[in-house]
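**Student:** Sequence:
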Amino acid sequence: MNPFRLPDTGALLMLSMLLHATLAGMMLLIWRTRRVFAGFGIWVVADLAAAVGLFLVLLAQTGWAGRLPVLLAMPLILAAPLCVEWGLRSALGYQPRRALPAMAIHYVLAYLGWLVVVLGELGAGWRVFAFSMALASLCLRVISLLLTDRQARRNVALGMIAYAHLLFCVLNVVHGVNAVLTLAPDASPIRDDPWFPFVILATVLAMLARDMSFLVFTHEQVEGELRRSQVELERLANEDVLTGLPNRRYFEATFPRLQALALRAAQPQTLLVFDVDDFKAVNDSQGHLGGDRVLCAVAQAVRDTLREGDLATRLGGDEFALLLHDCSEAGAEIVAERLKQHIALHTGMLEMPVTVSIGHTAVAPSEVLTAAYQRADEASYVSKRSRP
1 MNPFRLPDTG
11 ALLMLSMLLH
21 ATLAGMMLLI
31 WRTRRVFAGF
41 GIWVVADLAA
51 AVGLFLVLLA
61 QTGWAGRLPV
71 LLAMPLILAA
81 PLCVEWGLRS
91 ALGYQPRRAL
101 PAMAIHYVLA
111 YLGWLVVVLG
121 ELGAGWRVFA
131 FSMALASLCL
141 RVISLLLTDR
151 QARRNVALGM
161 IAYAHLLFCV
171 LNVVHGVNAV
181 LTLAPDASPI
191 RDDPWFPFVI
201 LATVLAMLAR
211 DMSFLVFTHE
221 QVEGELRRSQ
231 VELERLANED
241 VLTGLPNRRY
251 FEATFPRLQA
261 LALRAAQPQT
271 LLVFDVDDFK
281 AVNDSQGHLG
291 GDRVLCAVAQ
301 AVRDTLREGD
311 LATRLGGDEF
321 ALLLHDCSEA
331 GAEIVAERLK
341 QHIALHTGML
351 EMPVTVSIGH
361 TAVAPSEVLT
371 AAYQRADEAS
381 YVSKRSRP
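Sequential numbering from 1 applies to the sequence shown in full-length UniProt numbering.
Simulated from the structure, these hints should not be mistaken for lab results.
Here a beta-carbon is modelled for each residue, glycine too, at the ideal position from N, C-alpha and C.
Keep in mind that a hint or two might mislead.
List of simulated lysine-lysine pairs, BS3-like, C-alpha gap at most 30 Å [what the hints assert, rightly or not]:
1. 384 to 340
2. 280 to 340
3. 384 to 280
If you anchor each label on the Cβ, the simulated ranges turn out as follows [as the list claims (entries may be wrong)]:
4. 151 to 350: 40 to 48 Å
5. 154 to 366: 46 to 54 Å
6. 147 to 95: 18 to 26 Å
7. 10 to 153: 38 to 46 Å
8. 254 to 104: 52 to 60 Å
9. 159 to 15: 25 to 33 Å
10. 113 to 65: 20 to 28 Å
11. 368 to 151: 44 to 52 Å
12. 229 to 32: 55 to 63 Å
13. 154 to 277: 24 to 32 Å
14. 10 to 151: 54 to 62 Å
Based on the sequences and whatever the hints tell you, model everything.
**Tutor:** As structure tokens, this is what we get:
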């Protein structure tokens with residue numbers, strides 16, 4: 001005698017059907033109104049197929065249309081785990097169509113195995129066993145997918161989905177074996193099986209945990225995508241598109257913070273400003289694409305020259321600036337010479353070597369950027385006029 005026997009099988013079937021229908025409706029709403037990844041809609045189909053299948057099982061209990069409701073219900077219920085697998089494959093970045101032949105063959109064999117037992121009149125216990133084994137084997141595909149995928153093994157939500165399907169498999173195997181051993185051949189697989197209500201209730205809880213875990217995973221994926229998009233937008237907002245150096249807006253916003261840090265540490269700062277000599281001639285002789293290549297080469301030379309704590313920017317056109325951290329004007333002279341060497345090296349590789357005129361000035365702790373920039377810019381023009 002089963003101590004956990006639940007008396008109202010019909011009510012539990014109704015509860016399970018309504019739960020799957022509610023989950024399908026909720027996920028359909030999310031799918032249509034929220035940003036989700038590929039495969040989410042297939043998960044909606046999984047719950048919907050299970051709900052319709054359970055409705056047909058309930059209909060079969062009334063005796064309406066003989067075996068027809070059951071024959072229609074089983075393919076729908078068996079399709080649910082395959083829809084789950086399809087949705088997970090899409091979510092994990094696989095190509096579900098590649099697995100479609102194997103999924104279809106497995107599905108057809110599972111259904112035909114159950115159908116042979118039903119049409120062969122092998123008894124209630126064997127009918128339950130055939131269906132339970134068919135459903136468990138299809139759920140094992142989901143478990144196998146999640147256990148072999150590296151991302152799934154590290155994700156708690158996907159791990160919960162795997163555990164839910166594992167519980168479902170164990171329940172079905174135990175239920176099937178118990179049915180063969182205890183059910184009379186002419187018994188009803190639903191009304192006369194004392195374990196059936198318990199299996200239905202446990203299945204409801206497992207599938208609820210499965211769907212909630214899938215929603216958590218969906219939220220994680222969408223949130224991660226939003227974070228990556230935000231990082232990319234911040235990069236685009238703060239980066240010069242052509243050279244990849246910080247743009248003028250970012251340089252002007254960061255300058256006061258670096259000033260404050262230098263003031264607290266009692267460290268000198270020097271602003272270095274330079275532009276490319278005769279850049280118009282470069283554009284005229286090499287075209288704008290050639291000029292862009294020169295600017296990118298100069299930007300790479302700037303990156304090679306930067307020390308830890310320094311900040312560089314492309315101010316616009318062919319003009320660049322460097323804020324040198326913990327650097328006096330004497331040290332800035334050394335940095336400027338090293339920068340010229342790097343620029344000659346990188347532009348020489350383009351067969352269009354260029355020179356630059358560099359000016360620098362010490363940055364006072366409390367002065368604004370425009371004042372320091374004006375002095376450094378004037379110094380660069382002095383350097384330009386003194387060129388041979």
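**Student:** Go through the numbered hints given earlier and state which of them the structure violates, listing their numbers in rising order.
**Tutor:** Hints 12, 13, 14 contradicted; others consistent.
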